[in-house]
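> This is what each chain is made of:
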Amino acid sequence: DAKTTQPPSMDCAEGRAANLPCNHSTISGNEYVYWYRQIHSQGPQYIIHGLKNNETNEMASLIITEDRKSSTLILPHATLRDTAVYYCIVRQGGSEKLVFGKGTKLTVNP
Amino acid sequence: GAGVSQTPSNKVTEKGKYVELRCDPISGHTALYWYRQSLGQGPEFLIYFQGTGAADDSGLPNDRFFAVRPEGSVSTLKIQRTERGDSAVYLCASSADPASRGYTFGSGTRLTVV
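Heads up: the sequence lines are chains H and R, in that order. The numbering of the first sequence is our numbering, which starts it at 33 and goes up by one. The numbering of the second sequence is our numbering, which starts it at 4 and goes up by one.
None of these hints come from the bench; they were simulated from the model. Hints may be right or wrong, so weigh each one.
Stated by the list, open to error - Derived DEER-like restraints, expressed as beta-carbon distance ranges:
1. R:N65 - H:T139: 33 to 39 Å
2. H:H109 - R:G54: 38 to 44 Å
3. R:D100 - H:K84: 15 to 21 Å
4. H:Q74 - R:D100: 33 to 39 Å
5. H:K84 - R:A99: 34 to 40 Å
6. H:I95 - R:T33: 39 to 45 Å
7. R:P64 - H:G125: 25 to 31 Å
8. R:T10 - H:T111: 27 to 33 Å
Stated by the list, open to error - Only pairs whose alpha carbons sit at most 25 Å apart, straight line, appear in this in silico DMTMM-like list of lysine to aspartate or glutamate:
9. H:K35 - R:E23
10. R:K81 - R:D59
11. H:K101 - R:D59
The model shown is predicted, which means the values in this text are computed figures rather than measured ones. Note that CB positions come from ideal geometry on N, CA and C, so glycine has one too.
Looking at chain R on its own, in the form it has when it is part of the complex (with noise of 0.2 Å):
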């Protein structure tokens, strides 16, 4: 497609619950971004892949999140044992050269536990 693709855009789950979030990046970046952005802040960095490899996912809040990659496309950011706290928009971004053209981001899922 043209732009980055996430879905579902929108998903309401119980406390407790696990929830997957799916990112479809632009086809040939080899770079994939997640962030998080909770109400009236900026994203907020969560994970970063190179390929199928997470090249830094210092951003993840804890050992709940898990993300993946396996054939170095489509992302599927995971969350177990949801919080009333992880309720946000979870963005993912694409690139093929961050460097002299930034990002792509999509428009998000806004996920609310409840």
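This is chain H alone, in the form it adopts within the complex (with noise of 0.2 Å):
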């Protein structure tokens, strides 16, 4: 599976939108991105993913450059409760395995 990078930390206020980025330059034909969040405590909690085109569902949007070497994960309004571990992931069509990175811990501010 290719590799990722994110930032280690964020902070956004509260209202505005986040913005989270991720590098995955060595991506392939056939691999999808997929972002999830764990929130102190709790088990990872799938968000969105996508494979070339743009996606958009009621907890954020996924935009994936037209080369598909990096994406951003938008929340639009971020709320207190959006603070979290953001993960992005890479994982092969067809594999059933996720491959975890350290993501980025989000701060949302009041």
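Taking the hints as your guide, dock the two standalone chains into a single complex.
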């Protein structure tokens, strides 16, 4: 699986958009980008995933660059409850294994 | 139940003892996964079941670790001769269709080996 690089920490003001970057420069054509988050003392929670196109759901938007070497997770209106560690994962199509890095610790401030 | 249930939530055991950790997946989810998470690290893959069979056990660190899922529902992770380095949070996840919705994780079992 391709490796990902994320900043170790970020801060965001409550009510503002949180933009979390992820580099995956070695991604190959059949690898998907997944985002999970983990709130303290809980298991990881699935957020969104994509292959080539930008995706949006009720939780977030995922913007993938045209060359697919990086992506950005966008939380449009961050709340205090969005404070968590956010993991960007590249998963090979057909593989069942998720390889987690250390993620980005996002702190939403009042 | 509505989510993935793991029991116990906390387990303290002495070095050298045997432990079993239980996972109740979401009803109907055929895929089940075990991960281990050490302090300050992301979760680390251990094993994946599709139905009753272990489809990928490449993440099990050594032969002291074993997992079963005899009826394709509940799974048990078994650790023999526990060592202090086995201390971690053990996470279980299940999925009906990981390609479309990802996994649903439980809250984990915190294992402490003293």
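> Are the hints correct? Go through all of them and say.
Hint check:
1. R:N65 - H:T139: 33 to 39 Å: holds, 37 Å
2. H:H109 - R:G54: 38 to 44 Å: For G54 of chain R against H109 of chain H, whose Cβ atoms are near 41 Å apart, the range 38 to 44 Å holds.
3. R:D100 - H:K84: 15 to 21 Å: holds, 20 Å
4. H:Q74 - R:D100: 33 to 39 Å: Taking Cβ atoms as reference, Q74 of chain H and D100 of chain R lie about 22 Å apart, which means the hint is violated.
5. H:K84 - R:A99: 34 to 40 Å: violated, 24 Å
6. H:I95 - R:T33: 39 to 45 Å: At roughly 32 Å between Cβ atoms, T33 of chain R and I95 of chain H fall outside 39 to 45 Å, so the hint is violated.
7. R:P64 - H:G125: 25 to 31 Å: Roughly 27 Å apart at Cβ, these two residues keep to the hinted range, so it holds.
8. R:T10 - H:T111: 27 to 33 Å: holds, 31 Å
9. H:K35 - R:E23: Not OK: K35 of chain H and E23 of chain R at ~33 Å, beyond 25 Å, violated.
10. R:K81 - R:D59: Given pair K81 of chain R, D59 of chain R holds - Cα atoms ~16 Å apart, limit 25 Å.
11. H:K101 - R:D59: violated, 28 Å
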